[in-house]
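J.: Each chain is listed here by its residues.
Protein chains: 2
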Amino acid sequence: MTSTALQPSTASTLPAPPTAARILRRCRELAAPALAEAVDGLHPWVAEMAGYALGRCEVGGAPADHSQGKGVRQALAVLGAEAVSGPAEAGVPGAVAVELVHTFSLLHDDIMDGDALRRGRPALWKAYGTGPAVLAGDALFALAVETVALTPHAGPAVRQLTTALGDLVRGQADDLLFADRPWTGPEAVGVGEYETMAERKTGALLGCALAIGARLAGASGGTVTVLDRAGRHLGVAFQIADDVLGIWGDPSVTGKPVHGDLRQGKKTLPVLAALGAPGGSELAALLGSSASLDGEGVRRAAVLVERAGGRTAAVREARRHLTAADTLLAGVPLAPGPAADLRTVLSALADRTI
Amino acid sequence: MTSTALQPSTASTLPAPPTAARILRRCRELAAPALAEAVDGLHPWVAEMAGYALGRCEVGGAPADHSQGKGVRQALAVLGAEAVSGPAEAGVPGAVAVELVHTFSLLHDDIMDGDALRRGRPALWKAYGTGPAVLAGDALFALAVETVALTPHAGPAVRQLTTALGDLVRGQADDLLFADRPWTGPEAVGVGEYETMAERKTGALLGCALAIGARLAGASGGTVTVLDRAGRHLGVAFQIADDVLGIWGDPSVTGKPVHGDLRQGKKTLPVLAALGAPGGSELAALLGSSASLDGEGVRRAAVLVERAGGRTAAVREARRHLTAADTLLAGVPLAPGPAADLRTVLSALADRTI
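Chains G and H, in that order, give the protein sequences. Be aware that the first sequence starts at 0, since it is given in numbering that gives the first Met the number 0, and climbs by one per residue. Be aware that the second sequence starts at 0, since it is given in numbering that gives the first Met the number 0, and climbs by one per residue.
Heads up, some of the hints might be wrong.
[To be verified] Not the full set, but computed from the structure, chain H residues with beta-carbon under 10 Å of chain G:
1. V144
2. L149
3. L244
4. W247
[To be verified] Counterexamples of contact, computed for chain H against chain G with all Cβ distances above 10 Å:
5. A15
6. R27
7. T129
8. A148
9. P185
10. E186
11. S291
12. V331
These are computed hints drawn from the structure, not numbers from a lab. Where a beta carbon is used, it is the ideal one built from N, C-alpha and C, also for glycine.
Make a model of the complete structure from these sequences and hints.
T.: What follows is the structure in structure tokens.
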């Protein structure tokens, strides 16, 4: 394959570069046995709850095969290992750990946010009770750290994970406190503050996924730091794309109600950017008029956010962070094949086409 | 001091061996700056909640100085380091970590158990809400792992901590499930099963405290394993002593209502041992008669537990585990002074005189 330029006759038979969906599936399948083994080692009751959260079973333990998410974080860990020329397998403990941390954070966040549904099924706390859901989250948290602690490069890899865990908690704290802040005035949430929250809440674990995969493959220093930073930018882009979908996304695709985030009064980037723009005063008046908007108010707010440039600003910010991630990745020596796979996943993720 | 036998005239001026309370205070004071520094680095809101949980402030952040517990776990970490001839300071990150884990587990257990009071004040979830208390627990958990991950012997020390964390969750799961099990019959909770739960829920962190202190001081292999096992036995003894106090303890000393555990229908060792004894049938009939006993029923149950030998069996089991801990410690080469301090703390702890 190193001399295809000299063999034009075979060029047409070369496989097309893998799609993001195929890359994600490859990584998911690689990590699946280790993830299953880790979860199966838990206390039987907790293992059942973890299985429910991962879509592998129903309440009571009957096997199921519900959508388990795309496994973006585990894929980034595997690609991180490959990108520094390590074997994909080296990234697997990192893949398991970040997937467990992601699941833990969803379980606890659903309790904190009072979200009763998760991927079309009752959230774990609704299905098993708040106390058991707290416990299941704790168990996944502990299992994640243990999985990394048992690897050869335990020290730096655990530090990579704990930094992300600390940021995850900080981001969730910021996000919870944002709910009580006013829409306007000196106490209002600014765009910069929002992006810091998004980097912590969403970016830290994506950055950790890439970096821990590389660490576990033996990389150190500059490249690992760059991978972490690139993943953090990706996370902010991803969160902003999520915000745009949360207002204008097609409910049949997102699985969420149209204008859902506006209805809940969530402080998302398109709204904050619109409020900060010259044309944002009518939106500010509308949002400040009552604690929660009715259907007509929500539709009106969506129009006003768009008119004040909030949607455009959000898309621009997402692109800016994605470009920053690309630039960072281009600046370090990565194995070409995995780097290409990584870029494919990154663009698909930021465009939310996967 | 090595030749006191040759200097009888100075014997009367030798200081008395330190009491358990003094040893605990010394260790607490040694670890306090590092513990405060760790907590102060958290997100400000989370730091306030952590401060409240540690008795350092009121809701809103006003400084306070409430009873913060005896700091047994942090003392064991410091003594573990000293016992393997390391400097006390080497054990401090371990001391901070186990104290944070202990606090995290109290925060989450209070949610799971619905306990509204903790050390005479509203439990954190009552004072700040369930969601924030879940978050604060997560933050302390992450901080504990991070504290150990930043030490020179990070790998083995983190593994020591994650093993304990895994057991802690298993023990809490067992304990929650015990509540739904019957008092008698094939599904009843046996004494052996109870002790496994107690070892996980209480013993694992005490064992980890001793062992992590030793690990951080550079010890490895057999001695660390023995310290871990000794701490686990101590934990079971401690939990059983707690059970005895939960039924017959003086409310003015324990701060808990008399017969409190019987009133709540908790499956404690004195009751389980009594039910398994030949004279336990009247107790079984009483406990099986209704979901919760009234004041008269509770008093009667306490008499029946004692008459069937439940109290005696509990004290015997606690002593057996304490002896096992002593025997283990006597079988490894420990620095004499710290080993004596360790024994002082262990006996005081099992006797609940501290």
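J.: May I ask you to test the interface hint for H:L149 with respect to chain G, counting a Cβ-Cβ separation under 10 Å as satisfied?
T.: Holds. Min distance 7 Å.
J.: Regarding the assertion that H:V331 does not contact chain G, is the least Cβ-Cβ distance greater than 10 Å?
T.: holds, 25 Å
J.: For H:R27, is the shortest beta carbon distance to chain G beyond 10 Å?
T.: Given a closest Cβ separation of 25 Å, the condition holds.
J.: Take a quick look at H:A15 and tell me if its Cβ sits farther than 10 Å from every Cβ on chain G, holds or violated.
T.: Nearest chain G Cβ is 42 Å from H:A15, so the label holds.
J.: Verify this label for me: H:P185 is non-interface relative to chain G, using a Cβ-Cβ cutoff of 10 Å.
T.: holds, 18 Å
J.: H:T129 clear of chain G by more than 10 Å, beta carbon to beta carbon?
T.: violated, 7 Å
J.: Beyond 10 Å on every Cβ pair: is that true for H:S291 relative to chain G?
T.: holds, 19 Å
J.: Tell me if the interface restraint on H:W247 is satisfied: Cβ within less than 10 Å of some Cβ in chain G.
T.: violated, 29 Å
J.: Is it correct that the beta-carbon of H:A148 has no partner in chain G closer than or equal to 10 Å?
T.: violated, 5 Å
J.: Regarding the hint that H:L244 lies at the interface with chain G, is the smallest CB-CB distance below 10 Å?
T.: violated, 25 Å
J.: Say whether it holds or is violated: H:E186 keeps its Cβ farther than 10 Å from all Cβ of chain G.
T.: holds, 15 Å
J.: Checking hints one by one. Is H:V144 an interface residue toward chain G, by the C-beta closer than 10 Å rule?
T.: holds, 5 Å
Of the hints listed earlier, those the structure fails to meet are numbers 3, 4, 7, 8, in rising order.
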